Every structure is written in C-alpha cells, then in structure tokens.
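Novice: Based on the provided sequences and hints, a complete structural model is requested.
Each residue of the sequence shown is one higher than the last, beginning at 1 in the UniProt record's numbering.
Simulated from the structure, these hints should not be mistaken for laboratory data. Treat the hints with care, as some may be off.
[To be verified] Derived Cβ-Cβ restraints for the label pairs, each shown as a range:
1. Asp65 with Asn7: 17 to 25 Å
2. Arg135 with Gly90: 21 to 29 Å
3. Arg14 with Ala76: 25 to 33 Å
4. Leu148 with Ser86: 28 to 36 Å
5. Val146 with Thr69: 17 to 25 Å
Note that the structure is a prediction, hence the values are computed from the model and not measured. Note that the Cβ used here is the ideal one computed from N, Cα and C, for glycine as well.
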Amino acid sequence: MTDIVLNAAEDAERLRAPAGEYLVRLSGDQTGGSIAIVEYVFPPGALGAAPHIHHGHEEHFQVLDGEVTFDLADRAVAVGAGGTVSVPKGVAHGFRNASDDWARCLFILTPAGYENYFREIHRALERGEELDPERLARLRAAYDTVTLP
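Specialist: Pasting the structure below:
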C-alpha cells in the first residue's frame, strides 16, 4: 500500500448476513492485504459467530453501539459501546447479541482476506442457499478458520 485510502460512509460494500448486515469499510484490495475493516449490525438475540479459531489472521473488535457478548475460552463477557476485544491467531472465541437492542461493531482483520468469507455468505444468501452450521464450517475452513463443537 503506497497511497492514502479514503472511503466515505456511503461507499461501504453492503453484504447480507444470516442475521443483520455486514458493511465492508476497508478491503484488503485497498490495503495490499494488510488490513480490512468490516462493520456488523445485528439484531437482538442474534448469534454473530459460533465459537471458532482463526489460524490465518488476528481479529480485533470495537463495539460501536449496543452490547456484544463475547464467548471466550473461560468466560462470557458483555462489552458495551466503546469497548474493544483483541483476539490473537489460534485463540477460540465467538460472539452474540444477548441484549434487547440492536448492536453494531467493527471487525478489524489483520492481515486482510477474511472479508471474502463475508462476501461468500452474501452470495449464498442472494442465491437462496441454506447456511446451516455445516455449510458455514466449510466456508470458514476455506479461510483457515476452524469451527468448534
């Protein structure tokens, strides 16, 4: 990456999610693969991601609105707006919206690439395909991510 990248809010790539919506704010295509930023907006009671482990990238979260519950190896932690969670490669985690309000958070992915997983989910939903847990696990595996039982 040698040039400044400036994306207006309305330039976000909008992607359907099983619950809610992903907005790609900064893509690896724009950063030479160094980083991607994806916003996720999801409803009360929604599972954001079942427990999983990324082997190819770190994932950092910032809660923008509402409250997101992170399921970590030894505990569940509710994180409110402004809070951050940083998950290194190889560490199990999952997250959900256990609150009664919509939640909004950023995923900061280093290096980039996992935003393409969200694009694959979007394409499958647009084609009307079912995204059962087994299908999601296969999609994640293509991005060096293991879904846990």
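Novice: Do Arg14 and Ala76 keep their Cβ atoms within the hinted range of 25 to 33 Å?
Specialist: Given a distance of about 30 Å, which is inside 25 to 33 Å, the answer is holds.
Novice: May I ask you to test the hint 21 to 29 Å on the CB atoms belonging to Arg135 and Gly90?
Specialist: holds, 24 Å
Novice: Could you say whether the range 17 to 25 Å given as a hint is met by the Cβ separation of Asp65 and Asn7?
Specialist: holds, 20 Å
Novice: Does the Cβ-Cβ separation between Leu148 and Ser86 fall within 28 to 36 Å?
Specialist: violated, 19 Å
Novice: Given a hinted range of 17 to 25 Å, is it respected by the beta-carbon distance of Val146 and Thr69?
Specialist: Because 21 Å falls inside the window, the suggested range holds.
When the structure is compared with the earlier hints, a violation turns up for hint 4 alone.
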